[in-house]
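Participant: Positions 1296 to 1473 (the working numbering) are the ones given, in order, by the sequence shown.
Simulated from the structure, these hints should not be mistaken for lab results. Quantities reported herein were computed from a predicted structural model and do not represent experimental measurements. Careful: at least some of the hints might be erroneous.
In silico PhoX-like pairs for lysine-lysine, Cα to Cα no more than 20 Å straight-line [unchecked claim]: (1) LYS1405 - LYS1460; (2) LYS1421 - LYS1446; (3) LYS1465 - LYS1405; (4) LYS1380 - LYS1405.
Quick list of the computed label-pair ranges, beta carbon to beta carbon [said to hold, decoys possible]: (5) LYS1380 - ASN1329: 33 to 39 Å; (6) ILE1390 - CYS1415: 17 to 23 Å; (7) ASN1329 - LEU1458: 25 to 31 Å; (8) ILE1360 - ALA1459: 32 to 38 Å.
We put the CB at the ideal spot given by N, CA and C, even for glycine.
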Amino acid sequence: MISWSGGLWICAAWTTPWLRDGRRKREIRYLADNMLGRLARYMRIMGYDTSYPNLEISDSELIEISRADDRVLLSRDKQLCSRYKQSIYIISDRIDEQIIQITNLERPRKEFLFSRCTICNGVLVKGDHNCEEEYDPRKIDTVYHCPNCGKCYWEGTHSHNILAKLESLKVYNETQTE
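Starting from the given sequences, assemble the full structure and let the hints guide the process.
Facilitator: Here it is as structure tokens:
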């Protein structure tokens, strides 16, 4: 469902993204424009499938990619959002408010937390796969890696701080089942 809100088209497909048994109806996929790199990384941390162009590309190319990949376009550019109906205008330039805006539209699930690579959006796989140089195996129990770019991830202070930040923003729906 597409609705007109505040002079901008807003894709409202996420208003009921969950079936009654807690499963997703379908995964909403996103494309964040070049102004939203930090938001894209946080969305990946929360488990959202979020593409982010590494290169400066035109608005027309962003729309073309969004349309071809069936992605909702995220932008702080009102004019760009007005050109593509399946887009969300990100109101604030503050990361906390951006996270709240997105999570109010589609609540993340805790089981998807830390499931995507923050660099390339790949789905993380359990296992160290040549990550020994990056961590001390005597101190770390579980390591994940990205099969696309090779980046390694493990639980530590940084992940605890990110989780604390997300919990302080109350991004998780209290009624969701674990």
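Participant: So, for every hint listed, does it hold in this structure?
Facilitator: Results for each hint:
1. LYS1405 - LYS1460: 14 Å, holds
2. LYS1421 - LYS1446: Since the Cα atoms of LYS1421 and LYS1446 sit roughly 12 Å apart, the hinted pair holds (cutoff 20 Å).
3. LYS1465 - LYS1405: Given that 20 Å is the threshold and the Cα spacing comes to 12 Å, the pair holds.
4. LYS1380 - LYS1405: 29 Å, violated
5. LYS1380 - ASN1329: 33 to 39 Å: Because 21 Å falls outside the window, the suggested range is violated.
6. ILE1390 - CYS1415: 17 to 23 Å: Since ILE1390 and CYS1415 have Cβ atoms about 20 Å apart, the given range 17 to 23 Å holds.
7. ASN1329 - LEU1458: 25 to 31 Å: For LEU1458 against ASN1329, whose Cβ atoms are near 27 Å apart, the range 25 to 31 Å holds.
8. ILE1360 - ALA1459: 32 to 38 Å: Between ILE1360 and ALA1459, where Cβ atoms are some 34 Å apart, the hint holds.
In terms of the numbered hints stated before, the structure departs from hints 4, 5, listed from lowest to highest.
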